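**Student:** Kindly produce the complete structure, drawing on both the sequences and the hints.
Take a look at the letters that make up each chain.
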Amino acid sequence: MIPLQIFLTALIYSFILSLLAMGFTLQYITLNVPNLAYSSIAFFCTYLPLTFLIAKFSPYTSLPFAFILGGAISFLLFKFLKLLRERGMSLVGLMMATIVFDLVIYACMNIYAEHLSRNLQIYAASFSLTTYDFKVFGLPGILFVSAGVCISLIMLFTLLLLKTRFGIAMRAAVENYALASTHGVDVDRVLAIAWFFVGGIAGVSGALYPLWFSMDPWVGARMFITIFAACVVGGIKSIYGSILGGALIAFSEIFLCYFFSFSFPWIWSYRAVISMIVAAISIVIMPHGIAGYVSRVRERRLVKI
Amino acid sequence: MIGGTVAGLAVGAVAGYYAGQIVVPKKVEKPSLSGEIPLGVIYASPMEPPWLEPAVRIAINEVNEYCEILGRDIRFTFLAENAEESATKALERAQSLMARGIQAILAPCWSSLCKAILPTANERKVVLVSPGSTSPALAIPDDYLFRTPPDDSKSAIAIGRYSLEMKLKYIIPVYGKEPFGEGLYKECAKNWIARGIKVEEGLGVDPEKKEYGGEMATVRDMVVKAFQTYKKEEIGLFLLATDAVLIPLLNAIKEYPELQQIHVFDSDNAGIPTILQYAGEISARIRFKAYRYAPPSSPKYLSFVEKYKALAGFEPYSWAVCAYDAIWLMALAILMADEYSGPKIKEALPRVAENYYGASGWCALNEAGDRKYPTYEIAEVVLEENVPKWKPIGFYDAITDTIKWY
Chain R
1 MIPLQIFLTA LIYSFILSLL AMGFTLQYIT LNVPNLAYSS IAFFCTYLPL TFLIAKFSPY
61 TSLPFAFILG GAISFLLFKF LKLLRERGMS LVGLMMATIV FDLVIYACMN IYAEHLSRNL
121 QIYAASFSLT TYDFKVFGLP GILFVSAGVC ISLIMLFTLL LLKTRFGIAM RAAVENYALA
181 STHGVDVDRV LAIAWFFVGG IAGVSGALYP LWFSMDPWVG ARMFITIFAA CVVGGIKSIY
241 GSILGGALIA FSEIFLCYFF SFSFPWIWSY RAVISMIVAA ISIVIMPHGI AGYVSRVRER
301 RLVKI
Chain G
1 MIGGTVAGLA VGAVAGYYAG QIVVPKKVEK PSLSGEIPLG VIYASPMEPP WLEPAVRIAI
61 NEVNEYCEIL GRDIRFTFLA ENAEESATKA LERAQSLMAR GIQAILAPCW SSLCKAILPT
121 ANERKVVLVS PGSTSPALAI PDDYLFRTPP DDSKSAIAIG RYSLEMKLKY IIPVYGKEPF
181 GEGLYKECAK NWIARGIKVE EGLGVDPEKK EYGGEMATVR DMVVKAFQTY KKEEIGLFLL
241 ATDAVLIPLL NAIKEYPELQ QIHVFDSDNA GIPTILQYAG EISARIRFKA YRYAPPSSPK
301 YLSFVEKYKA LAGFEPYSWA VCAYDAIWLM ALAILMADEY SGPKIKEALP RVAENYYGAS
361 GWCALNEAGD RKYPTYEIAE VVLEENVPKW KPIGFYDAIT DTIKWY
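Chains R and G supply the protein sequences, listed in that same order. First residue of the first sequence: 1, per this note's numbering; consecutive thereafter. First residue of the second sequence: 1, per this note's numbering; consecutive thereafter.
These are calculated hints, taken from the structure and not from any lab test. Since we're looking at a predicted model, the values are computed, not measured. Warning: the hint list may mix true and false statements.
[Said to hold, decoys possible] Using 20 Å as the maximum straight-line C-alpha spacing, the simulated EDC-like pairs for lysine to aspartate or glutamate come out as follows:
hint	chain 1	residue 1	chain 2	residue 2
1	R	135	G	281
2	G	198	G	234
3	R	82	R	186
4	R	56	G	281
5	R	56	G	385
6	G	89	R	114
7	G	372	G	143
**Tutor:** This is the structure we're talking about:
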């Protein structure tokens, strides 16, 4: 029988990973740019709940501020890339520029962690806030908060993209920049707001991260592959796909390792490999991701009808 | 006649010269070493400077005062780098220091980082003195690495004695899959088996994952199975990892009541403040115990503690005490060799250590250049006025293989 704790571990991991993947997917859907600084923006915001805790507030109260901070950093990056694009930089050059931005954010994290360690004796180079989480019926609060945030953001952005003029304008700008602008869409403003939202999601997901995982400034670099895998497995052109991809990666990693550990306890050392193998297999079977596969199945059924 | 006079004068001059040498004392040559002597310092991670640097500064200041008293025109300084938990960066930082002419380096506390630097140090003949590395794999005779703490094969003996005194009959080791954790696990397993304690196959965890709910589920299954054969107080869960891995392991235990009923203990993380800060509540609840290399309470140690607390604001961790002595050993070896040269420092250092009683006790080194006579303190996390704190509960002496309980 599967212990409840295994299920909870996989579920919380799945929600947090889905949130991280959601922002990356949204960015790709709206902007067609792989932002290599994305995970650094997310994990920079992990220091916000720690800061709030130092100021004697609950770490969860930092979530709205994490959205704003992540959005602001992402907006700055957008402006930086726009400047470079206006100067004729190629797509590869723009990707390299995001790496540079990533390094700057990484340095800022280390500087802040150093400041906390030296001046406040708070050891921030590696920290975990799980001990400061609340419990609901014996279950960790992060389960409910991450689930609520994940579902709310999915609903919000689905409505935004499909039902609002802004969302339609954003999709038009992505489809055809020049045509959208001739139809009166202020494309730059739309893209700037889109980048802000993407950064905001990254910030919120980063702020939730240390409430379950242990955090250090290098987590962003390590998690990037997992986030990207979740996006691709779920379907890089679908927001719902990020939830499916996050769930597949998280559940396969935890459940498969748990089952294999009965005979091979050493499997836990290689849990990251297990989930990547599952991701690779699923991409071979479903090259457009889980969401893409589901769409095709639906289309085939409609055609049959 | 003239020839005779010249010959006589020549013989007289030669005889007079040698007689003069006997009568007039030979002038003592002024020591050649002078000026600023830089020592290198490589921190293993960004977490270290707050607790390691005060010890380095105190030692440097004292050594300079000592040189002043001796009338030596020498001033020791230090150049610090940070390896940021990366072996590649540790090597880069070491190469950078060596390129600047550094001949003696306070090496990182982590064995994996010392291992990365050691081949280059041996090649370039630069002395490394680590205040925290303990992997038995680095206990190599005649290399350029010296270590002021004892290696893990000694701590494995202490852990074995502790397990026996706690009347443990079955142990489940969980270790971070990196050189420190794996090395210590192998040494401890040998010792437990030799003492008649049953040991489960160790569970290695990925040190980069930082969340171990799933792993603890497997451990929980092992514990539940063990309850069929052993009493709760006879079962031990031994965590062998650096604090960055230990903290999420402890936090994962919160979700498993079965794991909170058995004996949970750790390798050498006793006294680390981050455990209190980020896993204090669960550590106090399970009465988590750990040991650490600890110096005897000598006046020299107590004096260092006072100076350290005045500078840092908290008590020194044992590796900070070792770092203080490491700086003193390097400085004294340089003064003894009277030359800022790696090979000379390497030759002088063991002799200096043999006669040096520092804040960490007698610093005599064995043939591998590691501390010969270790002592360990065992501490437990308790709640005092609702605040988790480390409380010393025992002291292990390697010479007699006994624990004195407080």
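**Student:** Does the structure keep residue 372(G) and residue 143(G) at a Cα separation of 20 Å or less?
**Tutor:** holds (16 Å)
**Student:** Take the C-alpha atoms of residue 198(G) and residue 234(G), compute the straight-line distance between them, and say whether it is at most 20 Å.
**Tutor:** Cα-Cα ~11 Å, so holds.
**Student:** With a cut-off of 20 Å on the C-alpha distance, tell me whether residue 56(R) and residue 281(G) pass.
**Tutor:** holds (17 Å)
**Student:** Given the hinted pair residue 89(G) and residue 114(R), is their alpha-carbon gap at most 20 Å?
**Tutor:** Within the cut-off at roughly 18 Å; holds.
**Student:** With the threshold set at 20 Å, check whether the alpha-carbon distance from residue 135(R) to residue 281(G) stays at or below it.
**Tutor:** Holds - the C-alpha atoms of residue 281(G) and residue 135(R) are around 14 Å apart, at most 20 Å.
**Student:** Taking only the CA atoms, is the gap from residue 56(R) to residue 385(G) under or equal to 20 Å?
**Tutor:** It holds: about 19 Å lies between the C-alpha atoms, which stays within 20 Å.
**Student:** Is it true that the CA of residue 82(R) sits at most 20 Å from the CA of residue 186(R)?
**Tutor:** holds (15 Å)
Violation of the numbered hints given earlier is absent; every hint is satisfied by the structure.
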